[in-house]
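Make the full structure from the sequences, and use the hints.
Protein chains in written order, with the working numbering: chain H, 0 to 304; chain L, 16 to 269; chain W, 5 to 331.
Honestly, the hints are just simulated from the structure, not real lab data.
Every residue gets a Cβ at the ideal spot worked out from N, C-alpha and C, and that includes glycine.
Among the hints, erroneous ones may be present.
Stated by the list, open to error - Among chain L residues calculated to face chain W with C-beta under 8 Å, some are:
1. A67
2. R78
3. R81
4. Q102
5. S108
6. D109
7. F110
8. S127
9. D133
10. R183
11. F226
Unchecked claim - Listed next, the stretches of chain W that the computed footprint assigns to chain H, with coverage defined by at least 3 CB atoms under 8 Å from CB atoms of chain H:
12. 136–142
13. 149–156
14. 255–267
15. 291–305
What follows is each chain in one-letter form.
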Amino acid sequence: MLYFIEQCLNGVQLGMLLFLLAAGLTLVFGIMDLVNLAHGSLYMLGAYFAATFAILTGSFVAALVLAVAASLVAGMVLEVVAIRRLYGRSHLDHVLGTFGLLLFFNELVRLIWGPAGMTLPLPPQMLSAVEIIPGIYYPMYRLVIILATVAVAALLYLMVMRTRIGMLIRAGAANREMVAALGVNINLLYTLVFGLGAALAGFAGVMQAPILTVQIGMGENILILAFVVIIIGGIGSIRGAFVASLIVGLIDTLGRAFLPDMLHLALSTNAAATLGPALSSMSIYMLMAAVLIFRPEGLFPAASR
Amino acid sequence: MTSPLLQIDRLTRRFGGVIAADAITLDIPPGEFHAVIGPNGAGKTTLVGLLAGEVAPQEGAIRFERSDITRLPVYRRSRLGLARSFQISSLFSDFTALENVALATQAHRGHSFRFWRDARREAALHKPAQAALARVGLAARAHVRVDRMSHGERRQLEIAMALATTPRMLLLDEPMAGMGPEESAQMVATLRQLKGTMTILLIEHDMDAVFALADRITVLVYGRVIASGRPAAIKADAAVRQAYLGEKESSGHD
Amino acid sequence: MTASFDPPLEHAPVSRLNGRTAFIVVMLATLALLPVYTTLTGDSFVMTLFTRVLILALGAVSLNLIMGYGGMVSFGHAAYLGIGGYAVGILAKEGIGSGFVQWPVAIAVSALYALVVGVLSLRTRGVYFIMITLAFAQMIYYVAIGLERYGGDDGLTIYQRSGFGGLIDLNNKTVFYYLCFALLMAGIYLVSRLINSRFGLVIRGTRSNERRMRAIGFPTFRYKLVCFVIAGALCGLAGALLANHTSFISPALMHWTRSGDLIVMVVLGGLGSLFGPLIGAVAFLLLEEVLSRVTEYPDLILGPVLLLVAIYLHGGIEGLLQWRRHD
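Next comes the structure, spelled out in C-alpha cells:
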C-alpha cells in the first residue's frame, strides 16, 4: 500500500514534468504552427546550465534561477536565429530542420561538457523524507518538484487566462493574421512565446536533474512522452495537456512498477520475465492507441486547429 | 406522382448558439433545376455541407432516391450519384485538367486496387474525361496544369469533375463565385445545357442566373426556409423582398 | 489544419530530362561497377559502406512511397528496419536459419505492424500523424529493449547469414552487394509501376487534395492504409538485409533518430522522385562518413546542414538538378 502511494506520487511528479514540456510544445504549436523536435534539447540545456551554475555558485536555488534565465535567453536566441525561418513551412520542413537542431545541440553539449554527463546535487535542506500521511514517508525533494511544478502550472494558467500577454497568446493561437493586423508586433510575440516554452522546458530539466539525469540525449525520450501527452490531451489545449500529463505520468509509473508483478500472477515465470519489461513500457502507447480509436481528437480538443 | 429524388426532412444543425440550419424541409423531384438563394449568413454553405456529408446534422434526415443517406460518409454519397462542386475551387493543382477529370471518372469505374498497369493510358478513363471537359468547353485545355488555369476555367473544371462521376444529381455550390460577366454568361450557358438532363441543386448569389435557369427556387434566411416555389412567385413574395431589402441595410456577413 | 506539402515537380518520365538522366545513369553505373573497383584495390571498407547505402536506400524508397507520393510524413519508419532485422535475428537464434523462412516472416510482420499503426494513425493528419508514428516506433523500440532473451539493450549477434540452400551464398560480400543492388532496383521498379497505376493515382491525388478525392467518391483511408502497409513491408525487407549485413541486431536499429535519417535521405534526394531516395542515401551516408573523418563532432556540421536544407533546399538535390536544367 505504501509502495502504491509512493508510486502514485512519483507518477504525479512525472506527470507534472511532462506537463511543463507539453505546455511549451503546445503553445508553440498552437501559435506558430511549428512542430519543434528540439524542444527536448532545451530541457537538456536547462539541466546542464543548472549543473554548471551549481558548481559556480554552490547554491541550488541560484543555479535554478540562472538556468531558467539562461534557457529563456537560449530559446529566444534560437528563435531569432533559426526557428523563425521555418514559419509557414510544411511540417516536414519543421521536422527536418528541428531534427538538425536536435543533433546539433546534442553534439554541442558533448563538445562543451563532455560525453559523461553531469550531476546536480540535491539541495542539502531537501535530503530528508517528509511524513505526508502518518506512516507514509516521501522524499522531500520529490514533493518539492510536485509543488513547484504545480505552482508554475498555475502561474502559466493565470498568465494565459488573465494577462494581456496571455490574451495575445490565445488570440494568436486562434487567428494569427488578425493579431498581426491589429498592429501587435507578432515577431516579438513569437519570440517571447518560444522563449517561454524554452524556459518551461529548462525549468523541468533543472527540477528533475538531481533525481533523474543530466546527460546527452535526455531530451528525446521525454519529448516523445510529451508528444503522447499532446495526442491524448488534444493539440492546442493546455487543459488537455495537464490532464493527459497526469494520466500518462501515472500510467507509465504504475505500469512499470506493477505490471511485471501482475504478469507473474497470470503467466509463467519465463513469459512474464520476457514480456514484463516490454509490456510495461508499452502501457502509455496502448493508452494512446485507445484514445485514437475512441476519441481521436484527444480528450480536450482545442476549438479550431 | 414521381417520388422526389432528394428529400430533405427537417434538417437541423447548430454550431454552439447559432442555428445554421433550422428544420429545413425540401423535396426535389427528378429532373428539376432547383436554386437555393439567400442573403449572406443564411446557411447555404451549411446546407451544402450537410447534403455532401461533410457536416452531420443534429436532427432531421436526408433521403436520396428513397434511401436514407443522413449518416453516409462523403465518398458513399458520391458513389450513389450525388456529385458536388465546391464554392472555392478544390482541385488537384499539380495535375492537368484531363488528369483531374480522369480521376473523377476512375472513382466510378470499378475499384482502384490495381497496382501495375499504367492508368494514364487507360482509354476507359480518358475518353469519358475528355467528354466531360468538352461539355464545359475545356476540351482545348485538357493538358494544362490546373495551377496555370484561370479562375473561370477552374470553376468550369469543377463542373466537369462533378459530371465525370456520372451523377444522378448535381449539387453546385456557387459555381459563379468570383466570375466576371463574360465568364458568368459562359457558365450560365453550360448550366442551361445541363438543365433537364439531370437533377440540379444550385446554390447561388447571382440572381440573373438563378431566375434564368431555375424551375423552382427556395429562399433561405438564418437557416430557415422562408419561401419556396416558382421564380415568379418568389419574386413577388413579400417575405423574400423583406429579407433582401432588410439585408441591404445591415452589414451581415458570413 | 495546415496544407500538406507538394513535391516541387510533377512526376516526369526519366527519359525526358537529360541532365538528370545522365546523373542517375552515371550513379547507377558507378554502383554497379563498385565491386570491380573494390576487388582490384582490395578496399573492402568501401564495399561495406555502399552495401549499407543500398540497403538504407531501399528503406528510403519505401518511405518515399508514402511520404513523397502519398504525403504521409511518417517519423516511425525505422521501426520496420528493426522489425525486419529482429525477425531474422530471432529466428536465427531459435535455430531457423533459412532465408526462405526468415525473409517472408520479416516482410509479413512488418506489414502487420504497419497495418496496426496505419489503422490507428491514418485518420489523423499533419502533426498528429507525425507524432503518432513517432510514438509507435518508440514503443517498438522499448519492446526490443525489454526482450532480454534476444539481447535487450545490448543487442544480439547473428552468427549465420540467412541461408538459401545452394541458391546464393550471402557470406560472399560481392554476391551480397549485388543482391542488395538488385533488390533496390526491383524496389524502385515496383514503385515506378505503382505510382502510375490506378492505385498510385489515388495515392497521389489524396496527397494533392484528400477532400476532393472523397468528394469524387474515393474511400481514401483504405488506399492510404494499403500504401502504408506496402511501404512497411518493403522496409521490413530492408531490415532483413541490414541484419544480414551487420550480423547484429539491436534496438538502435529502430531508434527514432534512424527514422529521422530516413526522412533526411528522402528529402535530400528529392521528394516524390524515383531515384531521389537513392541519391539521398548516397549523399547522406557519404556526408556522414566525410564529416566523421574531418571532425570529432560531426553533428555540429550535419545539424545546421539539415536546417539549411529544410530552409532553402526545397526540392532536395534532384530539385537542384532540375532547376539548373529547365529554368
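| task | So, L:S127 near chain W? Judge it on the closest CB pair being under 8 Å. | result | Holds - the Cβ of L:S127 comes within 8 Å of chain W, reaching about 4 Å at its closest.
| request: With a cut-off of 8 Å on the beta carbons, see whether L:F226 makes it to chain W. | output: violated (28 Å)
| said: Given L:R78 as an interface hint, is its Cβ closer than 8 Å to any Cβ of chain W? | reply: Because about 19 Å separates L:R78 from the closest Cβ in chain W, which is outside the 8 Å limit, the hint is violated.
| field | Closest C-beta approach of L:S108 to chain W relative to 8 Å, hint status | value | This hint holds: L:S108 lies near chain W, its Cβ roughly 7 Å from the closest one there, short of 8 Å.
| message | Hint validation: L:A67 versus chain W, beta carbon distance must be below 8 Å. Holds or violated? | response | holds (7 Å)
| field | Hint status (Cβ of L:R81 to nearest Cβ of chain W, threshold 8 Å) | value | For L:R81, the interface hint is violated, since the closest Cβ of chain W sits about 20 Å away, which is over 8 Å.
| query | Hey, does the L:D133 contact hint survive, CB to chain W under 8 Å? | reply | holds (5 Å)
| query | Okay, the segment 255–267 of chain W and chain H, do three or more residues pass the C-beta test at under 8 Å? | reply | As far as the segment 255–267 of chain W goes, the hint holds, because 4 residues have Cβ atoms under 8 Å from chain H.
| query | With 8 Å as the cut and Cβ atoms as the points, is L:F110 at the interface with chain W? | reply | holds (7 Å)
| message | Tell me whether the statement that chain H covers the segment 291–305 of chain W is true, taking a Cβ distance below 8 Å and needing three residues at minimum. | response | holds (count 4)
| query | Hint check: is the beta carbon of L:Q102 less than 8 Å from a beta carbon of chain W? | reply | Result: violated, 12 Å to nearest chain W Cβ.
| With a Cβ-Cβ cutoff of 8 Å, does the segment 149–156 of chain W contain at least three residues near chain H? | holds (count 5)
The structure fails to meet hints 2, 3, 4, 10 and 11 from the earlier list, while all remaining hints are met.
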